[in-house]
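Participant: Sequence:
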Amino acid sequence: MLVPTLSITVIDHSTGQRRSSRHSRSPLRIGRDPTNDVVLPQSFVSRWHAVVRFDEAAATLFAIGAANPLRIGGRALEPGAAWVIHERQVITLGPLELHLELRPREGAAPQVVIAADAHAAVSGPADADAAEDAETAGPLARVHGALSLLAERQHAAL
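In this note's numbering, the protein residues as written are 5 to 162.
Among the hints, erroneous ones may be present.
[Claimed, not checked] Distance ranges between label pairs, derived from CB positions: (1) Asn72 x His103: 12 to 22 angstroms; (2) Glu60 x Thr19: 17 to 27 angstroms; (3) Ser18 x Asp59: 29 to 39 angstroms.
Treat the hints as calculated values from the structure; they're not laboratory data.
By construction, the Cβ of each residue, glycine as well, lies at the ideal position given by its N, Cα and C atoms.
Using the sequences provided together with the hints, build the complete structure.
Facilitator: Next comes the structure, spelled out in structure tokens:
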């Protein structure tokens, strides 16, 4: 199985700084905590803001952080939301722009991803207590919860 490379360029419009990185291991964790794969040290970023899971067929962004929503095309992704990333995607978070590009690895032929609902969103926590628990839970627990909710919603839609 050939795993693609996910390239991320972070542009901070408040400082003009730009940095790029390439990743070939999934999942990819994004947030303020220094243990993340992509560290965004700004105070408005949650410790664990998002996770990207990718393989040879597709990449999916899972919004985890509750501090400030990620935005794609102006649309806010609430905690628990999932978004299929096609070849290229621009995500904004305050003055930050994250340019994500999914590339085939080692000369593999590009693959076309057809999704029934590329904007599949999963609702976040049902009440304030659940939202607080989600913010203080570990990143893996939040990812697991988001994936479970997504699977339940997709199964219910069938």
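Participant: Does each hint fit the structure? Answer for all of them.
Facilitator: Status of each hint after checking the structure:
no., hint, result
1, Asn72 x His103: 12 to 22 angstroms, "holds (18 angstroms)"
2, Glu60 x Thr19: 17 to 27 angstroms, "violated (36 angstroms)"
3, Ser18 x Asp59: 29 to 39 angstroms, "holds (34 angstroms)"
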